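Undergrad: The chain contents come next:
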Amino acid sequence: MSSVDMRVRIGALELRNPVMTASGTFGSGKEYADFFDLARLGAVVTKGVSLEPWPGNPGQRIVETPSGMLNSIGLQNPGVEAFCDNDLTWLARHDVPVIVNVVGHRADEYAAVAERLEQESGVHALEVNISCPNVDAGGMAFGTTCPAAAEVVRSVRAVSTKTLIVKLSPNVTDVTEVARAVEAEGADAVSLINTLLGMVIDTRTFAPVLARGVGGLSGPAVRPVAVRMVWQVSQAVSVPVIGMGGITSAEDAAEFLLAGASGVAVGTANFMDPTTTVGVVDGLERFCQERGIEKVTDLVGAAWKR
Amino acid sequence: MSSVDMRVRIGALELRNPVMTASGTFGSGKEYADFFDLARLGAVVTKGVSLEPWPGNPGQRIVETPSGMLNSIGLQNPGVEAFCDNDLTWLARHDVPVIVNVVGHRADEYAAVAERLEQESGVHALEVNISCPNVDAGGMAFGTTCPAAAEVVRSVRAVSTKTLIVKLSPNVTDVTEVARAVEAEGADAVSLINTLLGMVIDTRTFAPVLARGVGGLSGPAVRPVAVRMVWQVSQAVSVPVIGMGGITSAEDAAEFLLAGASGVAVGTANFMDPTTTVGVVDGLERFCQERGIEKVTDLVGAAWKR
Amino acid sequence: MCGHGPTPAIEPVVVVSNERVATGVCRVVLDAPRTAATVEPGQFVHVRIARSADFILRRPFSVHRARGERLEIIYQVVGRGTRVLEDARPGDVMDVLGPLGHGWTVPEGTTRALVVAGGLGAAPMGMLVERLAEADVQITLAQGAPSAGRLLARELFDSLCRRSVVATDDGSAGTCGFVTVLSAELLQRERPDVAYVCGPEPMQRIVAGQCAEAGVACQVSLERLMACGVGACLSCVVATRHGQKRACVDGPVFDAADVVWDSDEDPEAER
Amino acid sequence: MCGHGPTPAIEPVVVVSNERVATGVCRVVLDAPRTAATVEPGQFVHVRIARSADFILRRPFSVHRARGERLEIIYQVVGRGTRVLEDARPGDVMDVLGPLGHGWTVPEGTTRALVVAGGLGAAPMGMLVERLAEADVQITLAQGAPSAGRLLARELFDSLCRRSVVATDDGSAGTCGFVTVLSAELLQRERPDVAYVCGPEPMQRIVAGQCAEAGVACQVSLERLMACGVGACLSCVVATRHGQKRACVDGPVFDAADVVWDSDEDPEAER
Ligand SMILES: Cc1cc2nc3c(=O)[nH]c(=O)nc-3n(C[C@H](O)[C@H](O)[C@H](O)COP(=O)(O)OP(=O)(O)OC[C@H]3O[C@@H](n4cnc5c(N)ncnc54)[C@H](O)[C@@H]3O)c2cc1C
Ligand SMILES: Cc1cc2nc3c(=O)[nH]c(=O)nc-3n(C[C@H](O)[C@H](O)[C@H](O)COP(=O)(O)OP(=O)(O)OC[C@H]3O[C@@H](n4cnc5c(N)ncnc54)[C@H](O)[C@@H]3O)c2cc1C
Ligand SMILES: Cc1cc2nc3c(=O)[nH]c(=O)nc-3n(C[C@H](O)[C@H](O)[C@H](O)COP(=O)(O)O)c2cc1C
Ligand SMILES: Cc1cc2nc3c(=O)[nH]c(=O)nc-3n(C[C@H](O)[C@H](O)[C@H](O)COP(=O)(O)O)c2cc1C
Ligand code: FES
Ligand code: FES
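Protein chains in written order, with the working numbering: chain A, 117 to 422; chain B, 117 to 422; chain C, 11 to 281; chain D, 11 to 281.
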C-alpha cells in the first residue's frame, strides 16, 4: 500500500506524525524507552515543570474509576534546573521533538520557567498548563477564567520565541471563550482536555479516597467530553488543536482528528499498555491507507468541514 | 437486625427512603411497574414535561461510550395536558410521591407548566430542569448562567407552592454559584448532575453518531464528577441536595450520601437492570444495619462533617 | 392472535450451545424456561451479555425459535457486544429481559403469506413460519444474503414453506441480485394475503412500497438502537402516521402502511 | 548481588493453574518464559487481568517463585481485579509487564538472615528464601496471619529455613498474637546480619524499629497504589531520607533506615 504522509504542523514545529504523549503520564520518556524507540513519536510531552521543586500531594494519589482514573499527583517535579540537567540532557540524545509542560502558581513563575527554557535548544515547544491553582486569585485554576489565562500566556509569550501551546481546562462553562482568549495573546496552538475534577469517597472509611479530596479524571470515561470540546474549539480558533482524553487506539485518535484536532496525545492508556502510542501511530497510518487517504491532515476536522 | 429509619426530607416532602428515579430514564413509572411495586421508591421523578408537545430530536438518539452513554432524546414529551391526563392519572393509583420534571425554552414556559401542575394534588414536587437551551439567550442552557437560572426559578416560584427542586447542569465552571443563585430565589432543594455534554464521531462515516452532534453523557463514567459536585454544592447551600450520576448500587448511592446528598436518583442503570432502584433501597438499608447506623440521614455529608 | 406476550421479566439464563452457523453469524441456545414458554413470534429479548461496568446497555435480539425451555438466537458478530457473545461457552450465565415488544400478527382469514428476509432479517422469521405452518397458512419465503455462505436457517424454512427461494448479491446461490427482485415478482404472481418483512431498512422500505402497490397488507420489523427496551427512554422512536412510536413496545413489528420512512440515507443500511 | 533485573517487557502469558491455597488466597501459575528467566527475588509483575475498557490499571503482584518457564503469584482476593483473576481458568491468556522494581539484596558476607512476613507479606519471600538457601545463608522465618487457615507457603518455608515459626491473631497456630512479638525475640536471640520484612505497613514499621534498636540491617517491601509501574507517573511515592522515591522502580524494597514512615494511621493497615 502506498505510504501516507503522516506529518503535521503545530505552530513552527513540524512533527513526523500527530501522536504525542500526554503530560504527566510519560515521565520524560526515559521510562518508556525500554519499550520502543522514542523517535517513532510525533513528540514527547514532558511532565509539568515548575521554577522551584514541587513536592506534589500527599497520601493516596490515584484511584481507579469506571473506565477511568483520578489522579492527584500534584505536579511533583524537581524544578526547571534539575529538569534541564537530567531529563533534557537525556532526551537530547533521542531524535524526537520535546515539548515541555510548564506550570506555576503565578504568571511570573510561568514566565521564569519559559525564560530558563528559552536557552535550551533541545526544547522544541512549550505547553503552558493553565490548570494549576492560581495562588494570586485564591486557588481557582488560571484555566477557568479568561483574564487569568490570558495573563499567563501574555507573560510567557513575552519571554519565549518557542512554539507556544496552551493546555486548556475542561472544567469551564464555555471552553471556546478561554481558547479565543489565549489565541488572542499569541498562543500558537491549544491542547485539550486536561482532567475533569472528580472525587471518589471510600464507603468503608467515609472519607475521600484521595488525600487531597478531589482529583483529575482521565481515561476512556472522559473521551466523549474531550471530543466534544475539540469539536467546539477547533471551529472557534484558527490555531491548531491538540486533542487528548481517553485515547487508547488508532480509532480513538482518528475520532479526535475528525473532530478537528491536528495532533493527539495519549495519556492514561500508557499505563495499561506502554506501547499504546506506537500502536496508535501504526494504526493511524493503516486507517488512512485503508481509506485511500494520502495525508493524515485530510482527516483534520472532516466531521465538520463539509 | 434492628430496622433503619430510611426517611428523608426534601423541602416539605417526606420520602420513605432516599432513592428516586432520574428524570427521563424511567418514563412515568408505568413501564417499570411490571418489575416491582413503585411504592418501594422514595419518589418517582417523571420525564421532562413542557407546555406544548415536544417532538424531541431526530435520528440516532443514543450511543454507548466507555462505562457510559450519550443521549440526545431532546425532551420528547406530549405536553403538560396529555401528561396530566395519562401519566398523572396512572401514577395517582400508586402509593408513591410524584416529582414532575419541568422543562421550557423561556422562563414563562416553565411558569406555565408549573401553574398547570399547581392544581394537581398528585404532584408532590417539581424538579425544574434548567439544562434546556435558553431560546431568548441564544441557545445556551439556562443552567449555565446564574441570572438565567435565577429568572427561571423566580418565575416558577411565583406560581407554585409545591416543593421546588432545581436540577443543575454540570457543564459550568463553578456549580456552587448557580446553586446559591437558585437557593436565593427560593428553591427548596437542588438536584445534580444532569448530563455532561459529549460527542462520539463515527470513524466509518466521519460524522457525529448522534443526529444532533452533541449529546448528554451519563452512567458510571461520570460518577466521580457527580460526587465531586455534590460534595461542593452540599457545603455551599443549606437546602437539601439530591445526588445522581452513575449510581448502579447501594455502595454508589452511599457515596453520594456521604458526599452530602440527602437523596439520590438512579438513571442510566435502570436500562441495564430495571430493578436497580429497589436493589439500592434494600442495599442502603443493609449498609446502615451492618454499620449500626440507625438513621440513613446520619450518612448525609459524613465525608465532610468531621 | 396478538403480537403481545405477557409481562416481561428478568430471567437468568444459561448458555446451552453457541456455534457458528454462517459466515460471521452464530446461533446461541439459551436455557430460559419462562421466556421460552411465553414469547410470541417477532418478539425480542434484551440480553445482558456481560456484567462489566463498561457494558452499559443490553443488546436486543429477536427470538429465532423457542423450543421447550430453550430460546434460539441467531446473531451477527458486528461489534463489542456480539464479539463477547461469540466467546460465550456452554454453562455461562447471562440474563435476558423479555419477552419484549409487539411481534407479528396473523390477520383473520389469512391463507397465503409471503415472508421476505434480508440478511439477519431471517432471525425473527423462525417462530413466524412455525406459527404460520401450524395455522395451515401457505408460506412463500424469499431470502436474500450477500452470498450462499450467509444464508440462514435454510433447513427450517425449506421444511415449512410451500415455496422457498433465495437471492444472493454475488449469485453464489439462487437469483443473482437483491431479494427485492424476488419479492416484486412473488407479490404479483402469488397475491398473498399478507407479507412479513425484515432486513436492512432500505430493503424493507422497498418491499413495503411493492406491497402498497400490490394492495397486500405488509408488516415490517424495524431495528432501532435501544436503551431500556421497555418503553421508558424514548431512544428507539419510529415515525408513524399516528405520531412517534417506540420500536421496543409499539414495535418492533409495525404495519408498513403506518410507517413514515426516513427519506435520508439510513446509516444502518450498510449492514 | 543486585535487586534489579533486566529491562522490563510486556509478555503475553497463559494461565497454567489457578487454585485456592488458603482462606481468601489463591495461587496462579503463569507460563511466562521471559519473565521467569529474568526475575530477581522481590521484584514484581504488573498484570493486565482483563482487557475490558473499565480495567484502566494493571495490578501489581510480587513474584512468589519462578520455576523454569513459570511464574507463581500468591494473591489475596480483595477487590474487582482479584475477583476476576480468581475466575481465570487454565488456558486463559493475559499479559504481564515485568520484571519490575528493585528487589531484595543480600549484603556481602551475610550468613544469618531473619525473614518476617505478615499476611500476604509471605508472597515476595518465596524467591528470597530460595536464593538465601542457595547461598547457604541460615534462615529464620517468622510468619504471622489472622488464623492457621491463612498461613501461606508453609511447606516451602519449612523446608528451606533452619527455623520457621508462626504467630496467629487467634492462636489457632503457633504463638497467639502478632508476628512482631516473634521478631522482637528473634532479633535479640539470633542477631541476624539482615532482616527482610513484608506485610502490612504498620507491622513493617514496628519491625524496622526493632531492627534499628538491635542494630540489624533491615529491608522492607512497601506497597503503593501503582498506575504505570515503570516510574513515569509518580503515583507510588515513598518518603525517604533521600527525598521522594518511586516504589515501582526505586522499590518496592527499600532500606528500612531510609524510609520516613507515615505517622498517620495507614488506611491499608486493615488488610
Ligand atoms: C428488536 C431488535 C431485534 C434484533 N434482532 C437481532 C437478531 O436477531 N440478530 C442480530 O444479529 N441482530 C439483531 N438486532 C441488532 C442487534 O441488536 C445489534 O447487532 C447488536 O446490538 C450489536 O451489538 P454490538 O455490541 O456487537 O455492536 P456495537 O455497535 O458495539 O453496539 C453498540 C450499541 O449499539 C447497539 N446496536 C448496534 N447496532 C444495532 C442495531 N442494528 N440495532 C439495535 N441496536 C444496535 C447495541 O445495542 C449497543 O447499544 C436486533 C435489534 C433490534 C432493535
Ligand atoms: C509491588 C507490589 C506487590 C504486591 N504483591 C502482592 C502479592 O504478591 N499478593 C497480593 O495479594 N497482593 C499484592 N499486592 C497488592 C495487590 O496489588 C492488590 O491487592 C491488588 O492490586 C488489588 O486489586 P483489586 O482489583 O482486587 O482491588 P481494588 O481495590 O478493586 O483495586 C483497585 C485499584 O487499587 C489497586 N490496589 C488495591 N490495593 C492495592 C495495594 N494494596 N497495593 C497496590 N495497589 C493496590 C489496584 O492495583 C487497582 O489499581 C502488591 C502490591 C504492590 C504495589
Ligand atoms: C497521572 C497523571 C498525571 C498528569 N500530569 C499532568 C501534568 O503534569 N501536566 C498536564 O498538563 N497534564 C497532566 N495530566 C493530564 C494529562 O496530560 C491529560 O491531559 C489527561 O490525562 C487526559 O488524557 P488521558 O485521558 O489520555 O489520560 C496528567 C494525567 C495523569 C493521569
Ligand atoms: C435517556 C435519558 C433521558 C434523560 N432525560 C432527562 C429529562 O427529561 N430531564 C432531566 O432533567 N434529565 C434527564 N436526563 C438526565 C438524568 O435524569 C440524570 O441526571 C443523568 O442521566 C445522570 O444520572 P445517571 O448517570 O444515573 O443516568 C436523562 C438521561 C438519560 C440517560
Ligand atoms: S428502548 Fe427505551 S423506549 Fe424503546
Ligand atoms: S507506578 Fe508510576 S511511578 Fe510508580
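These are calculated hints, taken from the structure and not from any lab test. The structure presented is a predicted model; accordingly, all values stated were derived computationally and were not measured. Do not take every clue at face value.
In silico SDA-like cross-links for lysine to any residue, where the CA-CA straight-line distance does not exceed 20 angstroms [said to hold, decoys possible]:
(1) Lys421(A) with Lys146(B)
(2) Lys421(A) with Thr319(B)
(3) Lys411(A) with Lys146(B)
(4) Lys421(B) with Lys421(A)
(5) Lys255(C) with Pro194(B)
(6) Lys146(B) with Pro16(C)
(7) Lys421(B) with Lys411(A)
(8) Lys146(B) with Val176(C)
(9) Lys411(A) with Arg123(B)
(10) Lys255(C) with Gly172(B)
(11) Lys421(A) with Asp252(B)
Derived DEER-like restraints, expressed as beta-carbon distance ranges [stated by the list, open to error]:
(12) Asp290(B) with Pro156(C): 34 to 44 angstroms
(13) Arg402(B) with Glu406(A): 35 to 45 angstroms
(14) Pro156(D) with Asp211(B): 45 to 55 angstroms
(15) Ala155(A) with Ser354(B): 56 to 66 angstroms
(16) Asp318(B) with Ala19(C): 47 to 57 angstroms
(17) Ala145(C) with Glu406(A): 42 to 52 angstroms
All residues carry an ideal CB built from backbone N, CA and C; glycine is no exception.
Undergrad: Does the alpha-carbon distance linking lysine 421(B) and lysine 421(A) stay inside the 20 angstroms limit?
TA: violated, 52 angstroms
Undergrad: Below or equal to 20 angstroms on CA atoms is what counts here, so check lysine 411(A) against arginine 123(B).
TA: violated, 62 angstroms
Undergrad: Taken at face value, is the distance from the CA of lysine 411(A) to the CA of lysine 421(B) at most 20 angstroms?
TA: Roughly 57 angstroms separates the two Cα atoms, so the pair is violated.
Undergrad: So the hint says 35 to 45 angstroms: do the beta-carbon atoms of arginine 402(B) and glutamate 406(A) match that?
TA: violated, 53 angstroms
Undergrad: Given the range 34 to 44 angstroms, decide if the beta-carbon distance of aspartate 290(B) to proline 156(C) lies inside it.
TA: At 55 angstroms between Cβs, range violated.
Undergrad: Does proline 16(C) sit within 20 angstroms of lysine 146(B), going by the straight-line distance between their CA atoms?
TA: holds, 15 angstroms
Undergrad: Given a hinted range of 47 to 57 angstroms, is it respected by the beta-carbon distance of aspartate 318(B) and alanine 19(C)?
TA: With a Cβ separation near 35 angstroms, aspartate 318(B) and alanine 19(C) fall outside 47 to 57 angstroms, so the hint is violated.
Undergrad: Checking one constraint from the list: CA of lysine 421(A) to CA of aspartate 252(B), max 20 angstroms. Satisfied?
TA: Distance ~29 angstroms between lysine 421(A) and aspartate 252(B) Cα, so the pair is violated.
Undergrad: Can you confirm whether the C-alpha distance between lysine 421(A) and threonine 319(B) stays at or below 20 angstroms?
TA: holds, 15 angstroms
Undergrad: Starting from the hint 56 to 66 angstroms, judge whether the C-beta atoms of alanine 155(A) and serine 354(B) obey it.
TA: holds, 59 angstroms
Undergrad: Taking 20 angstroms as the top limit, are the C-alpha atoms of lysine 146(B) and valine 176(C) close enough?
TA: Roughly 43 angstroms separates the two Cα atoms, so the pair is violated.
Undergrad: Holds or violated: lysine 255(C) and proline 194(B), Cα atoms, limit 20 angstroms.
TA: holds, 12 angstroms
Hint check: violations occur at hints 1, 3, 4, 7, 8, 9, 11, 12, 13 and 16; the rest are consistent with the structure.
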